[in-house]
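Can you make the complete structure from the sequences, with help from the hints?
One letter stands for each residue in the lines below.
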Amino acid sequence: MGEKILMKGAEVLGESAIKAGCRLFFGYPITPQNEAPSYMAKRLPEVGGVFVQAESEVAAINMLYGAAASGHRVMTSSSSPGISLMQEGISYIAGAQLPVVLVNVMRGGPGLGNIGPAQGDYFQSVKPGGNGDYHLITLAPMNLQEQIDLIYDAFELADEYRNPAMVLTDGLLGQIMEAVEFHREKDLSSLPAKPWATTGINHRKKNLISSFDLDYDRLEAINHQIQDKYRIVKEKEVRYESYFADDAEVILVAYGTTGRICKAVVDILRSEKYSVGLLRPISLWPFPEKILQQLAQKSTTKGFLVVELSAGQMVEDVKISVNGVKPIHFHGRMGGNVPSPKEIIDIIKTIQWEGK
Amino acid sequence: MSPELKQIFKPSPILTPIQRSFCPGCTHGVIHRLVAECLEELQLAEKTVLVIPVGCATLAVDYFELDTIQSAHGRAPAVATGVKRSNPDLFVVTYQGDGDLASIGTAEIVHAANRGEKITTIFVNNGIYGMTGGQMAPTTLIGWKTETSPYGREASREGNPIRISEMLSQLNGPAYIARTAVNSPKAVLGTKRAIKKAFTAQMKGLGFSLVEILSTCPTNWGFSPVQSLKRIDEETIPYYPLGEFKAVEGL
Ligand SMILES: Cc1ncc(C[n+]2csc(CCOP(=O)(O)OP(=O)(O)O)c2C)c(N)n1
Ligand code: SF4
Ligand SMILES: [Mg+2]
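As they're listed, the protein sequences go chains H and C.
Convert by adding 1247 to the 1-based position in the first sequence; the result is the number in my numbering.
Convert by adding 814 to the 1-based position in the second sequence; the result is the number in my numbering.
Heads up, a few of these hints could be off.
Stated by the list, open to error - Derived DSS-like pairs: lysine-lysine, alpha-carbon spacing no greater than 27 Å straight-line:
| hint | chain 1 | residue 1 | chain 2 | residue 2 |
| --- | --- | --- | --- | --- |
| 1 | C | Lys861 | C | Lys1044 |
| 2 | H | Lys1374 | C | Lys824 |
| 3 | H | Lys1452 | C | Lys1010 |
| 4 | H | Lys1453 | C | Lys1000 |
| 5 | C | Lys861 | H | Lys1441 |
| 6 | H | Lys1453 | C | Lys959 |
| 7 | C | Lys1044 | H | Lys1453 |
| 8 | H | Lys1452 | C | Lys861 |
| 9 | H | Lys1441 | H | Lys1481 |
| 10 | H | Lys1453 | C | Lys1018 |
| 11 | C | Lys824 | H | Lys1452 |
| 12 | H | Lys1453 | C | Lys820 |
| 13 | H | Lys1452 | H | Lys1476 |
| 14 | H | Lys1374 | H | Lys1452 |
| 15 | C | Lys861 | C | Lys1018 |
| 16 | H | Lys1481 | H | Lys1589 |
| 17 | H | Lys1589 | H | Lys1520 |
Worth flagging that the hints you see were computed from the coordinates, not collected in a lab.
Okay, structure coming up:
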């Protein structure tokens, strides 16, 4: 700790989890995150942990369910098609109110797609992808250092709210190497108590982990309780980076890899005296609605440009937030392609920002 | 000599004293009783985690005074793997129907067995989907009419009934695999012996264990409870022979 080391994104995922007190990993190989399970297979036994290569992502997510039910910090990582297979299990985990951490290193889709970076699983993560009324606390880092922090925080938030948390990255973040520093390590003796966990009845009252209730009123009451919890999350856990957005005429909105590229765009354009800023959502759920509303109200703000590696998913949440107050433009790349700063700059310069 | 009253039968303290919602004559209830008796006699209840499936057995979330996890359809062996691997001192039991285990959950049971997960599966094979109203299961016998095999199951169309115990006993991971029935007092006692052996396999850390119990579904078979018990002898056992298919040394 305290020193910079050069690591690959997918391996950083693994070490971040261990630093957050995770000693269990269940996963299934899929590119571009294979280095995460490989890292855990090697590293977990060194720290007294357990790695199991599941027979499928369906099995992996259900192994998480069992381990989390028994009170342990547990994580899996996968990429788009694998996360699709996990949706039923994720819904059960949310319904049973269990803390787990999931990582989706998003790749090109739909279907098998390819292994290039993409952000096409935004809807699946924040709306979200399984059955019923639930949400994943969804955090999106733009570089590996931030990924370390967000994995750590994802474990904390999952435990605090008894809810699954998703760290949403992409094929680029999974594969790049960067110098990182692990500056936090969870003291295992300070992990939160989980009196609700199934650890054997052992002379106390029975613990039941379940999302099932035949009684309509009781199930509705549980749903209300879950929604009450979500209201607190929305109040307390919104995260974003506002980069020269306060006084900007043109505000870019982008997360993760595209957020990072847009940050470079802001630097370049600011050096040309162009009034551009960036609002980078870090929590995708809860979404930073309020700050977008406030930015939209500013007289200086002429409009927004949302940039994503998708056909336009987060842009819908930006539209809901801005609520027609200012124009919103969109630029998306797909298929594993990533826009260059120049590509985005050209678009900013061709948009008619004055005329509404 | 004053007449002394001796209690020779009492409710199991592991079974929650509430009314059961199973249909009259359904043998799920008998199997619950046997599981509870074995856990009690082997003094396992305090450290047991019971993994409940989707099917008529889902109702059992309310029936056992045990720490209990309700799992998705077919996934109980994966859930149990997560429990046991994270907490090896726990005693972990899955209770699954034949639609759950032999259809949607085939991958999970095969791989949990093959990894030799130190868990025990109680596999309740009634040859039909009870909970959803009597559809064909992979275990439904040739000729049986169900909601989704209304002309009777035909091998050329629906394939042959799957023999899970025989199949799993080919693997190295299982320590104990047996098939039993509960359609007579003698069969009930045999089932209890098998469950105890399966539990012992887990207690000794020998590997995966499973007891397949031939069960009834009077409601969806369209048979009376008594006829259902007879049907087990006449039709089910001839195709699904009783016995131990695997019992490793040290059991
Ligand atoms: C993913 C999913 N598919 C289908 C169902 C509907 N379903 C509930 S129980 C069941 C069949 C259960 O049959 P079995 O396992 O044989 O148990 P039994 O009721 O006969 O004891 C099905 C298909 C479900 N709950 N989840
Ligand atoms: S439907 Fe069949 S298996 Fe289910 S409780 Fe009734 S008799 Fe038993
Ligand atoms: Mg059945």
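Tested hints:
no.: 1; hint: C/Lys861 <-> C/Lys1044; verdict: 37 Å, violated
no.: 2; hint: H/Lys1374 <-> C/Lys824; verdict: 51 Å, violated
no.: 3; hint: H/Lys1452 <-> C/Lys1010; verdict: 25 Å, holds
no.: 4; hint: H/Lys1453 <-> C/Lys1000; verdict: 33 Å, violated
no.: 5; hint: C/Lys861 <-> H/Lys1441; verdict: 16 Å, holds
no.: 6; hint: H/Lys1453 <-> C/Lys959; verdict: 41 Å, violated
no.: 7; hint: C/Lys1044 <-> H/Lys1453; verdict: 38 Å, violated
no.: 8; hint: H/Lys1452 <-> C/Lys861; verdict: 13 Å, holds
no.: 9; hint: H/Lys1441 <-> H/Lys1481; verdict: 24 Å, holds
no.: 10; hint: H/Lys1453 <-> C/Lys1018; verdict: 26 Å, holds
no.: 11; hint: C/Lys824 <-> H/Lys1452; verdict: 22 Å, holds
no.: 12; hint: H/Lys1453 <-> C/Lys820; verdict: 31 Å, violated
no.: 13; hint: H/Lys1452 <-> H/Lys1476; verdict: 25 Å, holds
no.: 14; hint: H/Lys1374 <-> H/Lys1452; verdict: 36 Å, violated
no.: 15; hint: C/Lys861 <-> C/Lys1018; verdict: 15 Å, holds
no.: 16; hint: H/Lys1481 <-> H/Lys1589; verdict: 35 Å, violated
no.: 17; hint: H/Lys1589 <-> H/Lys1520; verdict: 16 Å, holds
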